[in-house]
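Could you build the full structure based on these sequences and the hints that come with them?
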Amino acid sequence: MHTYHKLSAAFERADGYAYKSEIVGVLKGLGFAETEFDKCVDNLSGGQKTRVALGKLLLTKPDILLLDEPTNHLDLNSIAWLETYLSNYPGAVLLVSHDRYFINRVVTKVIEIEFGEIMMFNGNYSEFAEKKKLIREAKLKEYLNQQQEIRHQEEVIRKLRSFNREKSIRRAESREKMLEKMDRIEKPLEHHAELKLHLEPTVVSGNDVLRVEGLGKSFGTHTLFQNINFEIKRGEHVAVIGDNGTGKTTLLKILNEVIPADHGTFTLGSNVHIGYYDQEHHVLHMEKTIFEEISDDYPSLTNTEIRNTLAAFLFTGEDVFKRIGDLSGGERGRVSLAKLMLSEANFLILDEPTNHLDIASKEILEQALNNYTGTVLYVSHDRYFINQTATRILDLVNQSFVNYIGNYDYYLEKKEELTAAYTESAEQTDASSEETASESKLDWQAQKELQAKERKRQNDLKKLEEKIQKLEEASAKLDEELAKPEYAMNSKKLMDITNEKAEIDTKLWDLYEQWESLAE
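Each residue of the sequence shown is one higher than the one before, starting from 7 at the first, in the working numbering.
Honestly, I wouldn't trust all of these hints.
[What the hints assert, rightly or not] Simulated pairs of lysine-lysine, PhoX-like, Cα-Cα distance not exceeding 20 Å:
1) Lys-328 with Lys-294
2) Lys-513 with Lys-490
3) Lys-26 with Lys-67
4) Lys-34 with Lys-12
5) Lys-145 with Lys-202
Keep in mind that the hints were calculated from the coordinates and are not lab data.
If you want it as structure tokens, here you go:
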């Protein structure tokens, strides 16, 4: 009996009675449905096997968790679950990740490895990025100040020697010794070589870029989506999100005519030219070299132009003769981006464009898309990327779309409101329940009106920002004029400049107020 009680206590301490529910919780958190629990691991996809391995590791509850890109192959809901799990994990967690949103929500310290050196920062990713920027700016300022002092001393030495007198030569030699003893500050290193991406269409499309009506797709008895309807206007950046296996990539393949839809239609607007980025890079030819991949698709380019383009995507020298089939996922991604840039398309359809990109390259892609004057439709699990680039989000749930006119932060805010509305509606009458639920799926005409208003607001904001930038530059130039020593004794000139600056600043404040009103 004593042995039984001892073993029973040990079993209870090890959560023996709760282990099944704990396994179920982890599997569901990582995106597995209960119908998949009895599947043989050998029959799972590569992504599913990775999720099983992650779940198995989490359930062992080690003192230190070592995780390498843990958000790979997870959908947004699973990533959110993992964030909560790791934030509450009692042990230590050391992870490698390029998911900035994930890093922001999980870590308390950031270790960066750059130029063979390791630096540790307290805080999350946003705090790390700000601190790193400040440190680099301070180091650069210190370096530039010293360089200015060195140039000044060298000029003084040159003048002293030009006098060709014994006393002045001794003074020059003294200053030279001082320079030799000076602890030289090394110039802060720039970032590693970065890809140079510039996206710009050669032809402006019509205002109506894409119209999808009643679109549906199934594989066997499994329906991905049905009766999907939406429109995309010129200049919109639309992100498609949803759980794994809901048909996001399939939708993009249908729109690019890689596979057919089962029913429904889609119509492209006038002068629409599609540029397609495939996450699996099926549009690349594995047997070709990088150089051939570009030259065959763009025969009008000279060898020099092709090499210059590839150099912008970090392929130089003999690298351009590597076979596509021998490249890493990141390298294939850069080749696809190079082809996308050369296409000069006005409607970009992108499937997981940030996969295999490092953080610096993701930021360059974000900047390129934000400067792009064409239209973008993409699928991504990178929430930071979505937040930076999307003007609208289509959430694929229950085989249809829910429309959110805003970025990822806006999506989260509205989704919380809808969740609260559904909860409240459950306690009300059937009529009020239906009225509340209808808020999650906007009427087709109402969607178009809201989208038109949002496009006008975004255009007005853009115009205001351009005006503000011009006036700020003009005000800064006048500040420089006021600081010029030649105007110090010229009261009339100073008064003219001051009055002009006051007039510009008044206009600026009016524009700031208009911007704040529109941005709310």
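Each hint tested on the structure:
no., hint, in the structure
1, Lys-328 with Lys-294, "8 Å, holds"
2, Lys-513 with Lys-490, "24 Å, violated"
3, Lys-26 with Lys-67, "15 Å, holds"
4, Lys-34 with Lys-12, "33 Å, violated"
5, Lys-145 with Lys-202, "25 Å, violated"
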